[in-house]
Amino acid sequence: MELSSNTQAIAYLVSAVLFIFALKGLTHPASARKGNYYGMAGMALAIAATLMGAEVQSYGFIIAGVAAGAVIGTILAMRVEMTAMPQLVAALHSFVGLAAVLVAIGTYLNKAAAGQLNPVLMGELSAGIIIGAITFTGSVIAFGKLQGLISGAPVKFSGQHLLNALIGLLTLGLGVHFAMTGNMASLALMTLLAFVIGVTLIIPIGGADMPVIISMLNSYSGWAAAATGFTLGNNLLIIVGAIVGFSGAILSYIMCRAMNRSIINVVFGGFGSDAGAGESAGAQAAEKGVKSAAVEDAVYWMEDANKVIIIPGYGMAVAQAQHALKEMMELLEAREVEVKFAIHPVAGRMPGHMNVLLAEADIPYDNVLEMDEINSEFATADVALVVGANDVVNPAAKSDPSSPIYGMPILEAGKARQVYFLKRSMRPGYSGVNNLLFYQENTSLVFGDAKDTIEGMVTALKGGGH
Amino acid sequence: MPDTLVALYVFVLSCFIGYWVIWGVTPALHTPLVALTNAISGIVIVGALLVTGLEGAGSSAEIMGFFAVLLASINVFGGFLVTNRMLAMFKKDKKK
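Sequence order for the protein chains is A and B.
Each step along the first sequence adds one to the number in full-length UniProt numbering, with nothing skipped, and position 414 is 414.
Each step along the second sequence adds one to the number in full-length UniProt numbering, with nothing skipped, and position 65 is 65.
No lab work stands behind these hints, which were simulated from the structure alone.
Misleading hints may appear alongside valid ones.
What the hints assert, rightly or not - According to the in silico footprint, chain B covers these stretches of chain A (three or more CB under 8 Å from chain B):
{"no.": "1", "stretch": "13–26"}
{"no.": "2", "stretch": "33–46"}
{"no.": "3", "stretch": "82–89"}
Just so it is clear, CB atoms sit at the ideal spot from N, CA and C, and this is done for glycine as well.
The following block holds chain A by itself, in its conformation from the complex:
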């Protein structure tokens, strides 16, 4: 059976609507899974309608490609650790980018063979290739930084922005030249330079800004799909690409707002380095007038508390402490202690990272609250327990106009009666800014690996009886 192009267009429309419902499902955790199934249905329909259309006539390569992709994709999805989600996402973004480049070049070859090239089409092809190529190499660099294959520290040199601007202009110029003349050399050089821009655009951005990078590349992958839609005259690709592009752009905006920085500042600013590991944490702490406390002290306060608020950060993910936290939560709840989790929008390496890790540990989502929902509750909390977070609770963001993080909205952990900080060392957060909360009267630091410390607390709680 072969679908007419009108039937195919209707199928694409239904598919686009299903994708919108899929995203709409993410409004609430209860409806989200159903939404994901809508998405799958939309994709299946789009693929089926394409395969049954008049344009697709040979199936050998297609079946091989889909089969291999299905196996690899399924294995990746089933095996990936939740802490490694940012890496998986970066890898998947790179695939979309590269696929868009390949589709554009393939389209060029097919159209050239059929003698159907024209300046508008070649301009659209250039756009598709440039966006796709930047998405590809940018995501590869992001993956490398997240996986620790390359340093997370920003790579900066003088004249960097000027160089980027020059390469950018040259790339655009070559794209225009290709569109006007169909010159193959321009096409090749343009593609090459676009790959280079992806690298030079991402290397100056520091590891702490990973949530923004991930969101930005998410956006680029959408625009790449939309550009492909323009070259193929396919409205489904344009609709989906625009929605995904906006999704990433909105996430980038939310992340930037949560750091009180502009997107320009993140892209060109590059703060945050890997330097400054602490030597003797306890000694340094004493020197700076910081109190350190034993696990038992924290447990003593928590078990008699009415309310404990836990603030997880990337350190919790690194230490894989979420499962131990869940156990501690249950022990505390058994003693009638109310336990809540407070999430800062930029905690972790990608938007919503902490929520997924806590969900993985079976912590119910109704106990996990966003910054705006929980900030008013710190004043009535007996204990705030900071697990691997730092900058997001630093009062300097409110009180010290000279601080680089001044103006950033924070979780007001300092308002709790007692604050316990689980830390490996005295090293400052990613911003490199000293945390004023450490020196507050009601704050104590508990040194050690977050997971070991929490497990120590669990043991103490089980031992019970003060």
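Go by the hints and put chain B onto chain A.
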């Protein structure tokens, strides 16, 4: 109206749909959102299929198409499955 202009209309209006739908997503589900948008941007597979399956496509176009199909399928399968896996973890508090 020429096709390219129709495409532009569709594009601009879709941007607005994207804007409103995405603001509705709860921040708790931002990671699944990124994974899901990853999966649906695998829609470039449609372009890959059209390039690969064209009757009389040259062998270099076919090879480009094959790799594009492969990469986009990894996105589609990987993206939807990992989203599903994550969403299955989000549970309500049974005690309440």
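Status of each hint after checking the structure:
1. For the stretch 13–26 of chain A, the stated coverage by chain B holds: 6 residues have a C-beta nearer than 8 Å to a C-beta of that chain, and at least 3 were required.
2. Chain B is given as covering the stretch 33–46 of chain A, and this holds because 8 residues of the stretch bring a CB closer than 8 Å to a CB of that chain, at least three being needed.
3. Restraint check on the stretch 82–89 of chain A versus chain B: 4 residues with Cβ-Cβ distances below 8 Å, three needed, restraint holds.
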